[in-house]
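Peer 1: Chain residues, written in single-letter form:
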Amino acid sequence: AQSVTQLDSQVPVFEEAPVELRCNYSSSVSVYLFWYVQYPNQGLQLLLKYLSGSTLVKGINGFEAEFNKSQTSFHLRKPSVHISDTAEYFCAVLRYSGNTPLVFGKGTRLSVIA
Amino acid sequence: DVKVTQSSRYLVKRTGEKVFLECVQDMDHENMFWYRQDPGLGLRLIYFSYDVKMKEKGDIPEGYSVSREKKERFSLILESASTNQTSMYLCASSRVGYGYTFGSGTRLTVV
Numbered sequence: 001a002q003s004v005t006q007l008d009s010q011v012p013v014f015e016e017a018p019v020e021l022r023c024n025y026s027s028s029v030s031v032y033l034f035w036y037v038q039y040p041n042q043g044l045q046l047l048l049k050y051l052s053g054s055t056l057v058k059g060i061n062g063f064e065a066e067f068n069k070s071q072t073s074f075h076l077r078k079p080s081v082h083i084s085d086t087a088e089y090f091c092a093v094l095r096y097s098g099n100t101p102l103v104f105g106k107g108t109r110l111s112v113i114a
Numbered sequence: 001d002v003k004v005t006q007s008s009r010y011l012v013k014r015t016g017e018k019v020f021l022e023c024v025q026d027m028d029h030e031n032m033f034w035y036r037q038d039p040g041l042g043l044r045l046i047y048f049s050y051d052v053k054m055k056e057k058g059d060i061p062e063g064y065s066v067s068r069e070k071k072e073r074f075s076l077i078l079e080s081a082s083t084n085q086t087s088m089y090l091c092a093s094s095r096v097g098y099g100y101t102f103g104s105g106t107r108l109t110v111v
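In order, the protein sequence lines correspond to chains A and B. In terms of this note's numbering, the first sequence opens at residue 1 and continues consecutively. In terms of this note's numbering, the second sequence opens at residue 1 and continues consecutively.
One or more of the hints may lead you astray.
The list that follows gives simulated cross-link-like pairs (lysine to aspartate or glutamate, EDC-like), each with its CA atoms no further than 20 Å apart [to be verified]:
1. B:Lys71 / B:Asp38
2. B:Lys70 / B:Asp51
3. B:Lys18 / B:Asp51
4. A:Lys106 / B:Asp38
5. A:Lys106 / B:Glu30
6. B:Lys71 / B:Glu17
Calculated from the structure, these hints are not laboratory results.
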């Protein structure tokens, strides 16, 4: 079975500062990796995904993530955050093979302070 | 623009009522899912379906049932609503091996 650990439940950061949201996963099989964002009172929106190829993945809104297989991590980064980035962020894994559901982490609430 | 549509954004029901939450997708996706989201607990999978008339239990199926009579529609049923089912309910759909597209969610309050 797969599991996902988001190491920080809340991350406060000043506007225009860099941010890293940490995600570690556990799986005995190969997986795809995803980051989703949820703005207040909305559903989840795909931010970026790693399926194969380059380990550095670029997503929407200036976010990027790096897949590190040896450390089983998929940390999300942005060099300069905006107030509008305030949201909850979810990391998720999906098995390569078989038709099994996404497994989500518990989320990290990013609060950007002016 | 592809969509997953949940019929209600906000819903208030009384304890003991039978509650139907509807979800429709227009992407011809095989898979559909129901999650509930609670503060500090993240997203927890209630039920999912890989095909019409098929259903699989997720992590927290107790007190819920589902129906998928057509490929595009996946309904979540609370047989007898209770206050501990007050939550945000999220529907999603996907193709096999791909990430999900989510609906906007239904915030259900049971009083």
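Peer 1: Look at each hint and say if it fits the structure.
Peer 2: Hints, one by one, checked against the model:
no.	hint	verdict
1	B:Lys71 / B:Asp38	violated, 28 Å
2	B:Lys70 / B:Asp51	holds, 9 Å
3	B:Lys18 / B:Asp51	violated, 25 Å
4	A:Lys106 / B:Asp38	holds, 10 Å
5	A:Lys106 / B:Glu30	violated, 26 Å
6	B:Lys71 / B:Glu17	violated, 27 Å
Taken one by one, the earlier hints fail for this structure at numbers 1, 3, 5, 6, listed in ascending order.
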